[in-house]
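Chain order of the listed sequences is F and L.
Under our numbering, residues 1 to 413 are what the first sequence spells out, in order.
Under our numbering, residues 1 to 282 are what the second sequence spells out, in order.
It should be emphasised that the hints constitute simulated quantities derived from the structure, not laboratory data.
There could be a bad hint or two in this list.
Said to hold, decoys possible - Keeping only pairs whose Cα atoms sit at most 27 Å apart, straight-line, the calculated BS3-like set for lysine-lysine is:
no., chain 1, residue 1, chain 2, residue 2
1, L, Lys10, F, Lys235
2, F, Lys131, L, Lys29
3, L, Lys273, L, Lys29
4, F, Lys235, L, Lys14
5, F, Lys336, F, Lys277
6, L, Lys277, F, Lys235
7, F, Lys201, F, Lys97
8, L, Lys29, F, Lys97
9, F, Lys132, L, Lys23
10, F, Lys195, F, Lys131
11, L, Lys14, L, Lys277
12, F, Lys195, F, Lys241
13, L, Lys277, F, Lys97
14, F, Lys410, F, Lys389
15, F, Lys7, L, Lys10
16, F, Lys7, L, Lys23
17, F, Lys132, F, Lys199
18, L, Lys23, F, Lys97
19, F, Lys199, F, Lys156
20, L, Lys10, F, Lys97
21, F, Lys132, F, Lys195
22, F, Lys222, F, Lys7
23, F, Lys131, L, Lys23
24, F, Lys7, L, Lys273
25, F, Lys241, F, Lys199
26, F, Lys7, L, Lys277
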Amino acid sequence: MSAVIIKAEHVSKHYRLGKLGSGRLREDVVTWIKRKPVADEINNNSKQEIWALRDVSFNVEQGEVLGFIGNNGAGKSTLLKIISRITLPTLGCVYGKGRIASLLEIGTGFHIELTGRENIYLNGNILGMNKKEITSRLAEIIEFSGVERFIDTPVKRYSSGMYMRLAFAVAAHLDPEILIVDEVLAVGDAEFQRKCLGKMKEVSAQQGKTVLFVSHNMQALKNLCNRCIALDHGKIVDEGKPENVIANYLKGQQNNFTHQSYDAPEAAPGNNYIRIKKAELVADYLDGFDVIDIRTPLNIHVEFWYQDVEPGDLIVGIQLFNFAGDCIFDICSERKKFENGLIEMNCHVPGNFLNDGSYYVSVSFVKNTTQRIFYFDACLSFEVEDYRKDTAWFGKWIGYVRPSFPVIVKPKQ
Amino acid sequence: MGNNVEWDWKIDHKISLFNWNLKEIWQYKDLLMRFVRRDLIANYQQTILGPFWILLQPILTTITYYIIFGRIAKISTEGIPPLLFYLPGIITWSYFSDCLNSTMYTFLQNSTLFSKAYFPRLIVPLSNVVSHTVRMLVQLTLFIVIYVVYVLINHSAHISPAIILLPFVLVLTAAFALGTGLLISVITARYRDLDYALQFILRLFMFATPVIYPASIVPAQLKTLFWLNPLTPAIETFRTAFFSTNNLEIQPLLIATLLTIIILIAGMAFFKKLETKLMDII
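Only chain F is shown next, with the shape it has when bound in the complex:
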C-alpha cells in the first residue's frame, strides 16, 4: 500500500445565504438597530443556512488519481477550494504532504495587455512556480502551446483558442506533488480537450503525480481515475471503482424518466433560442409485454418552441448514452430552415438493436451547422430488459448493441 498523501477528516463547510449581512453598512446598521430578540433571529437564519459539505472524510494515496462526481451544488468544488486553501472549512481539517497546485480555471490572472511570454510567467507565478522553474520550462511551454509566432504579441490579439492553448500549456507544466483540477476540460474544442486529457494522463500515469479531479465528463473520469467519490448534498454517498461509482451515480440521477412536458415557454427548460415543450419516449410494446426489452421498438419524440431573433437553419441531434457514459449513437436531422414556432421531432429506434442496460438521451440543437444553441442533457432515460429465447446461457450478454443480423450456419454444399 502506498503512503497517504492527503487526509481529510470530517470536513464540513457551512454557508449563510441571503440577508445575513447586506454588504451595505447603512443597511447593516439599520438592521442592527431594529434587531429582533435573539431566539427569533436564530429561527430566521436557520432557513438561509446550508451545509455545502457535511462530515466528509477520505484519504488519498500517493500517485492516485481521484475523481469527484456529483450534481451542481453537491460540494465538489467547495471541497477542492478547501484543499486549495481558497476557502476555509467550518469544521474538520485536511492534512497533507507536498506542494499543491490548483487548476480551478484556465489562465488565472492572465492580463490581456501583456504578451504571451509575460503571461506565461504571470500565470506560472500565480500557480506557484517560481521564475527559475518557468524559465527552465519556457521553451517546452511555448512549444506545447503552439503559439510560438505570437508569443511576443499581447494576448488580447489572440483568438480564444490560442488563449486557451497557451493557458493550458502553462498549467500542464506545473510540477507539484499534488494537482487539483476542477472542470477545466469543460471549455475548448474537441482537439483541445483531447490534448488536455492526454497530458493529464501523462502527468498521472508516467510522472506518478497525485491528482484530484472534478469533471462532468464521465468518459474522462473513467479514463483517468483510479478511484471515484460521489458527493450528494455535501456528503459522500459512494466511493470505489470509477465504473461502479459512475454507473450508480447516473442510475440515481434519473430512473426511467420517459416523459416531461411544459405548458408555457417561460417555465420550460431552454434559452432565448429554444424552449422545450415536451420530450417523451414512447415504446411500441410487444403484445403481452409492458416492459421495454431488447426487442421493443422505441420512439423519441420532442416538441419545442423555436424563438430565435434571426431564425436560421436548424439541425436537431440525438445522442444516446449508456449509464457508463459511453455514447451509443449520435445522429442528427437534416439541415433545414425553420420559422419561429412550435416544432416537433421524431426518431424511431427499431427493436432488436440495443443491448440490455440503462440508457439516457440528450438532444442538441445546432444553428447553421456550427452554433450549438441548446443542449438538453439527459432529458430522457430508460432501461432495456434482457430477453432470450432458446438458450440456457444467462450471463451478461456483452456488446454495446445487440442487433439481430442473421447469422447463418449450414452444412457446406
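Position chain L relative to chain F; hints supplied.
Frame of chain F, contents of chain L only:
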C-alpha cells in the same frame, strides 16, 4: 488515527492573528515582482506619453497648486521657490494616497483571482506598494534634478543633515499607507458603499497634511493634533532635508514611527485573520 504520520500542512478553520507566515511570503517573491512588472507595463503601455505620465503628474499638480494656493490664496512657502516647495508635499502625499488607495480595495479588485488561485494574499498589497515606490523614486529623481539646477543657479539652498532621514520617512509613509490600507481593506470587502465616504475623508486628510502649506502656519492650539498625523513629520523632514528652513522635529517623528508600527501590526493581523474568511462574502 494515523496522526503519527508527519504532515507538511494542515488546513482547518483556526487562524491566529499573529501567524503571518513571512517565510511563505518570501517564497512568493517572484510573484510579487511579477505583479509589479504587470502593473508598470500594463499601466503605461497603451498611453501616448507612456512612463512620462509619472513625471507629468506631479509637475502639473505643482503648477496648479502654485497658481491656486501660491498666487491666488498667497499661502506662504517659507521662502522656498514654489516648485521646490510643493514637490516634496505632492510626491509624499501621492505616494501615500496611491499606496492607500490600491491597498484598501485589495479584496474587491482581486476577488476573481482570489477565488481561483492560492497565494499569500498579502502579496497583492505589497506589490502595489512596490510599484508605487518605483513611481515615487522616479518623481524623487525629478525633484533632485530640479533642486540641483536651482542650487547651481541660485546657490541659496542648503542640504541639512536631516537628508539621511529621507529614506526613512518615505518608508514610514509607505508603512503608514499599507497599515491603514490593510485595516480598511477588510472593511471595504464587506461594505462596498464605504467608497464615497473614504474618498471624501482622504481628500479632507490631504488638507490636514502640510502639502500646500508649511507646518509653521498651523495655529498653536491645533499643533499637537496636527503633528500626530504621521505624514506631517514625514513631509516636514523632507523639506528640512533640502532647505534647512526649519529645525528637524525629532519627537513627532518618533511618535509617528510608533503610531505607524502599531497601525501596521494591527493591519497585518486583521488582514491575515480575515483574508480567507472574506472569500465567502465577496
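- Message: Hint compliance check: list the failing hint numbers for this structure, sorted ascending.
- Response: none
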